[in-house]
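Colleague: Chains Z and D, in that order, give the protein sequences.
Residue 3 in our numbering is what sits at position 3 of the first sequence, and the numbering runs on without skipping anything.
Residue 201 in our numbering is what sits at position 201 of the second sequence, and the numbering runs on without skipping anything.
Since the hints were made in silico from the structure, they are not lab data.
In this text the structure is predicted, and so the values were computed from the model without any measurement.
Ideal placement from N, C-alpha and C gives every residue a C-beta, glycine not left out.
Be careful, since some hints might not be right.
[Unchecked claim] Facing chain Z, a subset of chain D residues (Cβ under 7 angstroms, in silico):
#1 P59
#2 H109
#3 R112
#4 S117
#5 S121
#6 S130
#7 M135
#8 E164
#9 A165
#10 F168
#11 M196
#12 A197
#13 V198
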Amino acid sequence: MTKTKFELKMGPATREAFGKALAELGRENKDVVVCDADLSKSTYTAAFAKEFPDRFFSCGIAEANMVGIGAGLASSGKIAFVSSFSCFVMNKGFEQLRVTSAFPQVPLKVVGTHSGISIGEDGPSQMSIEDIALACSLPGFAVIDPCDEVAMKALVKAAAYHPGPVFLRAGRAKAAIVHAPDQEFEIGKSIELIPGSDVTVIAHGLLVAEAIRASEALDAEGISVRVIDMHTVKPLDADAIEIAARETGAIVVAEEHLVDGGLGVRVAQAASQSYPCVMEFVGINNYAESGTPEGLLDKYGLVARDVIAAIRRVLPRKRG
Amino acid sequence: MATMTQTRSLVELQAIAKTIRRHIIEMTGAAKSGHPGGSLSAVEILVSLYFGGHLRHDPRNPQWKDRDRFILSKGHACPVLYAVMAESGYTPVDQLTTLRKMGSLYQGHPDRRFIPSLEASTGSLGQGLSLALGMGLAARLDRSPSKTFVVLGDGEIQEGQIWEAAMFGAYHKTDNVCAIVDNNRIQLDGFVKDIMAVEPLADKWQAFGWSVIEVDGHSLEELDKAFEQFRSTEGKPTAVIAHTVKGKGVSFMENNPKWHGTAPNAEETAAALKELAG
């Protein structure tokens, strides 16, 4: 793999890409149905609702029931998506996800938008910093966080035809375009974006672009940083982690999620079972506050600067 | 059409109900745990559906797409469902007394991983109505004649999700869904009125926009009429408020909160079976 300079042009938010992909999916397959809990303008399911009113079910502000409705639809053979802000569908609907989707193996598709702290001004009650941890604790769920429009478009379709239940995470803030338009995606298969030999940064969501920026900045200093887009947090691409550990001897995991229960602990678990190496973690440790998305990501330590700092912490600890 | 709708006389249905009650006692007696009271109160409701021709189903073809669906939302009452499904031919009758034992088909609460012909895994209260409404929407999209029946406990409807679902059902005019409230007036800790009153039940469901029918939940004739009325009701879902007696059919279990979640011991099992003989 040759190094290419990333342009990182700003693209739409992944929630917007989700809405567009969902409407396309609706055109392609009439078994696709969608439920939303009074947030369709924000989750962008409104486009599907407008085009397919018969297959869109407004649930009102009642996420627990929405999950049950979706599970009932899925039990009867529909490709059922339920969508809301991630914090609401995952926290208020968690027990329903457990009993009516995970436990009976009903292939419900759950899409949580407004994940992380980059939603900005609305503040912590609307921010979702625990959703990956919650979704990963549901046996059988695939947990996916696409980093840009290209990834979201492909992974919405992959989620729809995945035989099991899926949690798909989307963000409110605009997301830089990371992937080439023809990039292929497979659930559970990570993508190496930049080759590197000194350290590997594994990221999901918005932090993938930050990892790229960090890698390019350190390249000038002669530090070779591999960057992996781990779009699927579960099932984890354990092979890519083992190879990264063997070949680079150090891993930094970067994510817009609580460090506790996030991708980082899952990568550490996988590495400990294959090829233990030194690690550092870039993530969230507590509830944030209101502010601009850029301001919050900066204040709470989720930008390239923080990835670079983590790399500088981990490199001296590498074993001879 | 491959329906298994059979015409059985009232006497035949009453005999089946008695058989189901004996199974419930034998199952919980053998398990030494379980929920006999709320199983016994729902016997006529399930017998009317499964054997009285109101649930269009085919035990030889459980995945028949246009079948009617049945969900026991009050999953702890699964002995009645297991007994009815076994007597219908879905699962073996001779294994009923393995209830709650490791590896048994007959898990402590309904589990689709063990019995794939169950429409839902239940046991965490308050969730079956949402599932039923989702299935109703799917049937409507598919232009299928399939109806969905769901049995709720009167204690269970203290769960808020039930009322989220009640709003949803009326708003989406899900007239192919019938909820039956097994109104046996008792929950684990005591009488419903003393734990968290749910009356006036009929008024509540009416106010939420449902077609409401009140019946004696042990009268097969009244259940018959209610289910027929449900089939001819358009534009709104139906709630059948079935007034029942917890522990019905076993004198010492009737109307006593103790039998919500206590199994009969050997002597009690023998005494109950004596009452249910014939």
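Colleague: Going through the numbered hints above, which ones does this structure break? Give me the numbers in ascending order.
Modeller: Numbers 1, 2, 4, 11, 12 and 13 - these are the hints that the structure violates, sorted from lowest upward.
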